[in-house]
Amino acid sequence: MNKRIISLLLVIVMALSLVACGAPAAPAATEAPAADNVPMQYIKHDEAKELLESDEYVFFDIRKAADSSANSIPGAQAWDMDAAKEGDAEAGKATMTEATKGLDKKIILVCYSGKRYAQAATNALSAIGYDMSKVYTLEGGFTNWSEVLPELTTAAPKADAPELSKVRLNWGGSGNILVALALEKGYLADEGIEIEFVPATNNNDMLTLLQSGQVDICTNAGTADPLAFIAAGADFTIFGGHMLQGCMPIIAKPGTEWNGVESLVGEKLGIKPNYFAITGALMEAGYEDPLSVADFQPLSYNDAVAALMRDEIKYALVGTSQNYPVQQLVEEGQVEIVSWHGDVMPYYSCCRMEATTEFVKNNPNTVKAILRALLRAQCYFEANKEECPPILAGIQGVDNAVVEAFMLNEHYMPTLDPLRNGIVRAWDILDKTGFLDENAKTINIEDHINTDLYEQALAECTELYGAEDPDFYARALEFYNEWNK
Amino acid sequence: MNMIKAVVKKYWAATMIFVGLGLWYYYATETGNALSYLFPNVSSIWKAFQADKGLLIPNMISSFEIMIPSVIIALAIALSVGTVLGMNKKAREALHPVIYTFSVVPAILLAPFVLMMAPTMRSASIILIVYSTVWATLFATITGIQTIDKTYLDKAATLELKGLEKFFKVILPAASPTILGGFVNALRNTFIMLVYAEMYGATSGMGYYVKLYSDFGLFNKVWMGFIFMVIILVVVMTLFEKLKTRLLRWTIS
Chain A
148 MNKRIISLLL VIVMALSLVA CGAPAAPAAT EAPAADNVPM QYIKHDEAKE
198 LLESDEYVFF DIRKAADSSA NSIPGAQAWD MDAAKEGDAE AGKATMTEAT
248 KGLDKKIILV CYSGKRYAQA ATNALSAIGY DMSKVYTLEG GFTNWSEVLP
298 ELTTAAPKAD APELSKVRLN WGGSGNILVA LALEKGYLAD EGIEIEFVPA
348 TNNNDMLTLL QSGQVDICTN AGTADPLAFI AAGADFTIFG GHMLQGCMPI
398 IAKPGTEWNG VESLVGEKLG IKPNYFAITG ALMEAGYEDP LSVADFQPLS
448 YNDAVAALMR DEIKYALVGT SQNYPVQQLV EEGQVEIVSW HGDVMPYYSC
498 CRMEATTEFV KNNPNTVKAI LRALLRAQCY FEANKEECPP ILAGIQGVDN
548 AVVEAFMLNE HYMPTLDPLR NGIVRAWDIL DKTGFLDENA KTINIEDHIN
598 TDLYEQALAE CTELYGAEDP DFYARALEFY NEWNK
Chain B
-18 MNMIKAVVKK YWAATMIFVG LGLWYYYATE TGNALSYLFP NVSSIWKAFQ
32 ADKGLLIPNM ISSFEIMIPS VIIALAIALS VGTVLGMNKK AREALHPVIY
82 TFSVVPAILL APFVLMMAPT MRSASIILIV YSTVWATLFA TITGIQTIDK
132 TYLDKAATLE LKGLEKFFKV ILPAASPTIL GGFVNALRNT FIMLVYAEMY
182 GATSGMGYYV KLYSDFGLFN KVWMGFIFMV IILVVVMTLF EKLKTRLLRW
232 TIS
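Quick note, the sequences are listed as chains A and B, same order. Take 148 as the starting number for the first sequence in the working numbering and just add one per residue. Take -18 as the starting number for the second sequence in the working numbering and just add one per residue.
Treat each hint with caution, since some may be false.
[As the list claims (entries may be wrong)] Facing chain B, a subset of chain A residues (Cβ under 8 angstroms, in silico): (1) Ala308; (2) Ser321; (3) Gln469; (4) Pro472; (5) Gln475; (6) Glu479; (7) Asn512; (8) Val549.
If you're looking for bench data, these hints aren't it; they were derived computationally from the structure. Even for Gly, the Cβ is constructed at its ideal location relative to N, Cα and C.
All chains should be built: construct the whole structure from the sequences, respecting the hints.
Here it is, written out as C-alpha cells:
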C-alpha cells in the first residue's frame, strides 16, 4: 500500500514539474507542446553566452519590464510579454511584431525559467509568421543564467566601475565651469559619482587639505603651488587640468607702451615673481635671470590695481575673477589692457587638477569616471559657451555680467587635458627662478604626472559620445598628442 | 522723550563723525576723486545691500557659530592659565618666555599648520580665533592678579578666606577691571580673525562674504559686508560695555 502511495506521489510530482514554469527544463530538446502551444527549441546557457557578441543572434528579455530593467543579459532587448503570458494573445503578437520589425536574426528568448513567458512569445512569433527555426528559448531562463553566470548580467559590478561613489573636491573661491556643467547636465550622475565640496579659497590651504587627506581632488590651486608642494615632498599626482589659460589681463595706465614681454624689463611690476609664464617668457627672450631685470612685487590682484593707480608700479597682472571691475576701469579710461597672461606664454597652464598619488593609484576608475564626465562638460562648453555663465554665476552668487566678463573672452580656456609638456616647462622655470625646494633636483616631475587615465577617458568618451561632436573629440586627441607625448 | 534726549546728548559727537565720514566718502566718489575699483559710489553700495540684504543675518549667525565657542574657550584658557601664573611667581617666571614666544606668532601665518593638524576644518577655524584672542585676556589676567591692592588680600586673610572662596570673592573681582579691559581687545581681534578663519571650511559668514567678493574685485559688496560687520561689532561692544559697567559697579568709575 505504502509503495503504491509513494509511486502515485512520484507521478504527481513529475507531472507538475512538466507544467510549472520554475521546473528544470529538458536539456536542449524540443518541448512537448501542450494543447495548441507551438513547440520550443532550447539552448543552454554555455552555448548562449558564446553568442552574446554574435551579429546573427539577438536576445529578447521577455520578462516584466521592471525586472528586465533591474537586471538582464548585457545587450538583451527588453520586450515585456507579461500580458501575453496572462492570455492576451493579441498583445503578445503586437509586441513581437514590433520587436521583429525589419529583423532577420536568430532570436534567443529569455524569461524567468524558460517556460510560460517563452511559450507565450514562441506562440506569438509563430502567429506573426516568424521563421521558427530561428527562435530559441534559454534553458532555465534568466534565473539559471544569473546563478551560473552572475558576471554576465547588467547588475554585475563592472571591472571598471568607480571605486568611490562620493568624491571630496575643492574648487577654490572661483569655481570650475567643467565641474559645474558636469553636475548640471548629469554627466557625473551618469558615472555614479557624487561630489562633496570642501570649501577653502587660498591655494596653500587647498593643498594642505589635499595633503592631510581632507580633500580628494583640487582643481583651482594653480600650477606653481602644487609644483612647489611636490618639490617640498608632497606626493601629489597631476592627472588633468582646469584652465589651460586663465583670462588674466596685464594692465597699465592709458598710453603705456607695450612691445611684448620685453616692455617689462627695468620696470616695477605688480606681478608675483613665481608667475612662471612671465618669467619664462623673459627667459625665452634671452634674459637668463628674469628676476634681476624687473622688480616683481608680490602683490595681491587688488593691491596691484591700487599700486598701479598710485603710479607705484608700471604694469599689473590681474586675476580671471576680476575682469568685470577691470572692464569698468577700462571704460572709465583709468587703465588699459596692454596684453594677456596667455599672450605672453600661450597655453601657460593656469590650474591643474591634482590628487595624492595614493588616491590616484587606489581609485583609477573613479578618476577616469570624473575625467569622462568633465570631458563631456568641456565638449558642451565649447559648443554652447553663451549658455554657461549663468551656471557659474548662480553657484558663485555673483551677477551674470561678472562671469560673462571672463567666460566669453577668448583668453579663457577651460581644458581638461593634463598638459604634461606645459607642467614640465613650468617646473623648469620655477626651478631656475628659485621657487622650488632644493629637493626638486632629486625629483622627476614626470613621476607626478599621470596622462594615461586622461588618454583612456578620452578614448572611452570618443567611443561612447564621439558621434555627438566628432570635431571636439578629434581636436582633444590632437591637442593631447601635441602636449603630452 | 528724556531717553531720546539722553541718547542724542551722549552720541551726537560720534554721529557727527560718522556723518562727516559718509559725506566725505560720497563727495570723493561722486566727483571721481577716488578710484572706483576700490571705492564704489554710495548708490552702488546701496544696490549691493538691496541685492544681498537677505544674506546678512544668516552670515551673522554663521559667524557667531564660530565666534561664540571660540570666545568661551579663549576666556576659559586665559582665566585659568592667567590665574595660576598671576598667583604663582615661580610658575610665572618659568613660563613667561614660552608665553611671549607663542604670543608673538601672528595667527594668520598659522593657518596652514593648523589646517594640517586640526581634526576638522571647523575646529581649525576655532583654534585660529582662540589663538589670536587668548593672549590679550591672558596677559590682562596675569597683570590684574599681580597688581591687586595688598589691602584686599590682607582683609581676605583677616576674614580667613581661603581657596576657591578667596578666588571668587576677592581675587577675581579685584582683578576684573584689568581682565575685562584685556577682554575688550580680545573681542575686537575675534572680528579681525573672522575674515581669515572663514577662508576655509565655511560657505557663509561675515568674513567669508568680504573675502569672496574681494577676490572678485566687487568692492561695493566688500564695503557693504564691511559696514555690516562694523555695525555688528559696535552692537556687540556696546552690549559688552554695559555688562562690564554692571560687573564693575563697585569700582569708583
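Against the structure, the hints come out as follows:
1. Contact between Ala308 of chain A and chain B, as hinted, is not supported at the beta carbon level, the nearest pair being about 30 angstroms apart and thus beyond 8 angstroms.
2. Among the interface hints, the one on Ser321 of chain A holds; its C-beta lies about 7 angstroms from the nearest C-beta in chain B, closer than the 8 angstroms criterion.
3. Of the supplied interface hints, the one on Gln469 of chain A holds, with its beta-carbon coming within about 4 angstroms of a beta-carbon of chain B, less than 8 angstroms.
4. A least Cβ separation of about 4 angstroms between Pro472 of chain A and chain B falls short of the 8 angstroms threshold, and the interface hint therefore holds.
5. Below 8 angstroms, beta-carbon pairs count as interface contacts, and Gln475 of chain A has one with chain B at about 7 angstroms; its hint therefore holds.
6. The restraint placing Glu479 of chain A at the interface with chain B holds, with a minimum CB-CB distance near 6 angstroms, inside the 8 angstroms limit.
7. Annotation: Asn512 of chain A was flagged as interfacial toward chain B, and the flag is violated, the nearest CB pair being 28 angstroms apart, outside 8 angstroms.
8. The interface hint given for Val549 of chain A holds, since its Cβ lies 6 angstroms from the closest Cβ of chain B, which is under the 8 angstroms cut-off.
Figure legend: structure checked against the earlier numbered hints; hints not met, in rising order: 1, 7.
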